[in-house]
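Q: Mind docking chain B on chain A? Use the hints.
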Amino acid sequence: MSALMDILASAGLWAAVLRIATPLILGTLGALLCERSGVLNLGIEGIMTFGAMIGWLAVYNGADLWTGILVAAVAGGVFGFLHAVLTVTLGLSQHVSGLGVTLFASSFSYYVFRLMVPVAGTPPTVEPFQPIAIPGLSDLPFFGPAFFTQTPPTYLAILIALILAYVIFRTPLGLAIRMAGENPHAAEAQGINPMAVRYGAVIAGSALMGVGGAFLTLSAFNSFFPTMVQGRGWICIALVVFASWRPGRALLGALLFAFFDGFQLRLQTALNGAVPYQLFLMIPYILSIVALAVMARRARVPQALMQPYRRGER
Amino acid sequence: MRFERREHRPAALVIATPVIAVIAALAVAGVLIAFAGAPVLTAYWKILTGAFGSRLSTTETLTRAAPLMLTGLAAAIAFRARLWNIGAEGQFYFGAIAVAAASAHLFGGLPSLLQIPILFVVGAIAGMVLLLFPLWLRLRFSVDEVVTTLLLNFVAILFVSMLIDGVLKDPTAFGWPQSEAVADAARLPKLLARSRLHIGLAIAVVLALVVHFVQSRTVFGLQSRAAGLNPAGAGFAGVPLARTLVIVAMMSGGLAGLAGAIEVMGVKGYVTTDLSPGYGYSGIVVAMLANLNPLGVVLAALFTAIMFVGADGMSRSMGIPTYIADVTVALSLISMLIAVFFTQYRISR
Numbered sequence: 001m002s003a004l005m006d007i008l009a010s011a012g013l014w015a016a017v018l019r020i021a022t023p024l025i026l027g028t029l030g031a032l033l034c035e036r037s038g039v040l041n042l043g044i045e046g047i048m049t050f051g052a053m054i055g056w057l058a059v060y061n062g063a064d065l066w067t068g069i070l071v072a073a074v075a076g077g078v079f080g081f082l083h084a085v086l087t088v089t090l091g092l093s094q095h096v097s098g099l100g101v102t103l104f105a106s107s108f109s110y111y112v113f114r115l116m117v118p119v120a121g122t123p124p125t126v127e128p129f130q131p132i133a134i135p136g137l138s139d140l141p142f143f144g145p146a147f148f149t150q151t152p153p154t155y156l157a158i159l160i161a162l163i164l165a166y167v168i169f170r171t172p173l174g175l176a177i178r179m180a181g182e183n184p185h186a187a188e189a190q191g192i193n194p195m196a197v198r199y200g201a202v203i204a205g206s207a208l209m210g211v212g213g214a215f216l217t218l219s220a221f222n223s224f225f226p227t228m229v230q231g232r233g234w235i236c237i238a239l240v241v242f243a244s245w246r247p248g249r250a251l252l253g254a255l256l257f258a259f260f261d262g263f264q265l266r267l268q269t270a271l272n273g274a275v276p277y278q279l280f281l282m283i284p285y286i287l288s289i290v291a292l293a294v295m296a297r298r299a300r301v302p303q304a305l306m307q308p309y310r311r312g313e314r
Numbered sequence: 001m002r003f004e005r006r007e008h009r010p011a012a013l014v015i016a017t018p019v020i021a022v023i024a025a026l027a028v029a030g031v032l033i034a035f036a037g038a039p040v041l042t043a044y045w046k047i048l049t050g051a052f053g054s055r056l057s058t059t060e061t062l063t064r065a066a067p068l069m070l071t072g073l074a075a076a077i078a079f080r081a082r083l084w085n086i087g088a089e090g091q092f093y094f095g096a097i098a099v100a101a102a103s104a105h106l107f108g109g110l111p112s113l114l115q116i117p118i119l120f121v122v123g124a125i126a127g128m129v130l131l132l133f134p135l136w137l138r139l140r141f142s143v144d145e146v147v148t149t150l151l152l153n154f155v156a157i158l159f160v161s162m163l164i165d166g167v168l169k170d171p172t173a174f175g176w177p178q179s180e181a182v183a184d185a186a187r188l189p190k191l192l193a194r195s196r197l198h199i200g201l202a203i204a205v206v207l208a209l210v211v212h213f214v215q216s217r218t219v220f221g222l223q224s225r226a227a228g229l230n231p232a233g234a235g236f237a238g239v240p241l242a243r244t245l246v247i248v249a250m251m252s253g254g255l256a257g258l259a260g261a262i263e264v265m266g267v268k269g270y271v272t273t274d275l276s277p278g279y280g281y282s283g284i285v286v287a288m289l290a291n292l293n294p295l296g297v298v299l300a301a302l303f304t305a306i307m308f309v310g311a312d313g314m315s316r317s318m319g320i321p322t323y324i325a326d327v328t329v330a331l332s333l334i335s336m337l338i339a340v341f342f343t344q345y346r347i348s349r
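Taken in sequence, the protein lines are chains A and B.
Residue 159 in full-length UniProt numbering is what sits at position 159 of the first sequence, and the numbering runs on without skipping anything.
Residue 286 in full-length UniProt numbering is what sits at position 286 of the second sequence, and the numbering runs on without skipping anything.
If we strip away everything but chain A, and leave its shape as in the complex, we get (with noise of 0.2 angstroms):
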């Protein structure tokens, strides 16, 4: 019980907290965007995986680390444009195609990784981002080394939470989105062309999966290995049910997700292989699993989510 307790009270635990939460939080705002305005986007796990490696790859190859992470923007954005052409444009199954999108840019990622990037004993690696203490609140005793120096994307990951959250909330542009995701066709009558909004928003969620995934190659780790993203991009998916399709309970969402799996990585420790460490790398997923179970119901699901607008058909 007292290392139950050790654990919660190291300033290292909360510290990992938000070094695990921030790709799942870049990944689910990515995810959330995409849905809100009535598109899924299962390509996520896939669009993760190029981030990481093409992020990872600008890097090793002279860029700095904030080319890096642009860099992966973009390729994510070109990976959400392909969806948006399949799902949007050709109004195809989303599900399907977003598969599609997944299966391709993974083996697309490890082809390129492998054909630039020499088999070598060890996997080379970069120089990835460094902790900033913030000035001021870093001095706080716990609460400094715990939440105030992280590296600058997961201060980053953080802001743009907030930022799509008033986006989505109080802007017209956010009204249109979900306009597009809730009915689509009262946006049009609107003037709102709900393709463009849908496409808008599929390139910049994917951006966002994109800047997750290079955030394991340029700040958690400083190398790439095919499977490196782990199912991450599905837990996002989980992640924008549980969140009730909302940017705060997200973050909120990621944190508390963060938290159990930072948890039992330091509990497994302690224990000291008294449990079979396989039990506690599927409680990620076993936890995903109950939060959709327990939310879906509940959630307030965009009405025109996974249904292709054509003009002028019903």
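Source of the hints: derived by calculation from the structure; they are not laboratory data.
Note that beta-carbon positions come from the ideal geometry of N, C-alpha and C, so glycine has one too.
Please note that a few of the clues may not be correct.
[Said to hold, decoys possible] Per label pair, the in silico range of CB-to-CB distance:
no.	chain 1	residue 1	chain 2	residue 2	range
1	B	V219	A	M306	23 to 33 angstroms
2	B	P10	A	V119	26 to 36 angstroms
3	B	L113	A	P226	35 to 45 angstroms
4	B	V206	A	Y155	53 to 63 angstroms
5	B	V31	A	P226	16 to 26 angstroms
6	A	Q230	B	L139	28 to 38 angstroms
7	A	A133	B	P39	46 to 56 angstroms
8	A	L4	B	F35	51 to 61 angstroms
9	A	M306	B	V214	44 to 54 angstroms
10	A	Q130	B	I15	53 to 63 angstroms
11	B	L241	A	Q230	34 to 44 angstroms
12	B	I15	A	V119	36 to 46 angstroms
13	A	Q230	B	I15	36 to 46 angstroms
14	A	L267	B	V219	49 to 59 angstroms
A: Relative to the frame of chain A, chain B by itself:
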């Protein structure tokens, strides 16, 4: 650009669709091969000879096609009823580990003629169980099964990893995490001597015929299709929706579990966590390439197996990453989606 629905779908176009889609995918993949600085046509020729150039490679391609046919059928059956089973990978591993456990601890002493059919049933049931749980979540809590089946893939593989590192670990494997082997009597007979090709291929083809018959000639086949095309309408017409979905899930999960069982009993004899090079996910592509037609699945699985086996050989001699096979297969899924769209719609002037 605007599209209008075609009044009728030309039969020739429908048949040509997968061919066009595959050619388009190969063309795009060709750009990637050229980008790697290799002659494209030579690379494709090497893929073809790598898949069929010798007796060994031909039997290897056919051996690879068998599990792809089964996971492809699993996806095709489910998708036709709009049950989005993306969990074939996990169901495959469940079937595999169930068979290894059952043969090593329960039925190992039985003769082949008895043991093999029993193990098939065990593997299929294990796959079913893993799909019935997300279906229950959908029917009871309206949880989208796409996400839950995807997440369960990770849970299933971790579960298998735990078992083969724990209670089912083979004590004679020098510490490597692998399961105890199935009994010799559980090994599938070979189709061809001196090769890895086993009767799993024949089983898969027969099952494709059975599924085709069920879907096109039985009441249940009609009901499952109606449930997918228009659930509300089907329910109104008296189709028992929940029951139909449960049976569809049992068939789909069962086939994916059977794929795992057959792979263990036919090829390796034991389970490791790299038993499947993504058979479950490739099954989705196979099903879509076949346009969800069970007989088309046989051909689509062959194409996919050719790409994977052929790319291995091509990669060794030309220095192009084997991932080009995965890229091509994924691209053919996307181009198939687009091609199918244009059999239903045309660009309006």
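Q: So, for every hint listed, does it hold in this structure?
A: Comparing the hints with the structure gives:
1. V219/B - M306/A: 23 to 33 angstroms: Because 29 angstroms falls inside the window, the suggested range holds.
2. P10/B - V119/A: 26 to 36 angstroms: 49 angstroms, violated
3. L113/B - P226/A: 35 to 45 angstroms: 43 angstroms, holds
4. V206/B - Y155/A: 53 to 63 angstroms: About 60 angstroms separates the Cβ atoms of V206/B and Y155/A, which means 53 to 63 angstroms holds.
5. V31/B - P226/A: 16 to 26 angstroms: Given a distance of about 22 angstroms, which is inside 16 to 26 angstroms, the answer is holds.
6. Q230/A - L139/B: 28 to 38 angstroms: Given range 28 to 38 angstroms: holds, Cβ gap about 29 angstroms.
7. A133/A - P39/B: 46 to 56 angstroms: Between A133/A and P39/B, where Cβ atoms are some 55 angstroms apart, the hint holds.
8. L4/A - F35/B: 51 to 61 angstroms: Since L4/A and F35/B have Cβ atoms about 53 angstroms apart, the given range 51 to 61 angstroms holds.
9. M306/A - V214/B: 44 to 54 angstroms: 29 angstroms, violated
10. Q130/A - I15/B: 53 to 63 angstroms: The hinted range 53 to 63 angstroms holds for Q130/A and I15/B, with Cβ atoms some 59 angstroms apart.
11. L241/B - Q230/A: 34 to 44 angstroms: Hint holds: Cβ distance 35 angstroms, inside 34 to 44 angstroms.
12. I15/B - V119/A: 36 to 46 angstroms: 43 angstroms, holds
13. Q230/A - I15/B: 36 to 46 angstroms: 41 angstroms, holds
14. L267/A - V219/B: 49 to 59 angstroms: 53 angstroms, holds
Figure legend: structure checked against the earlier numbered hints; hints not met, in rising order: 2, 9.
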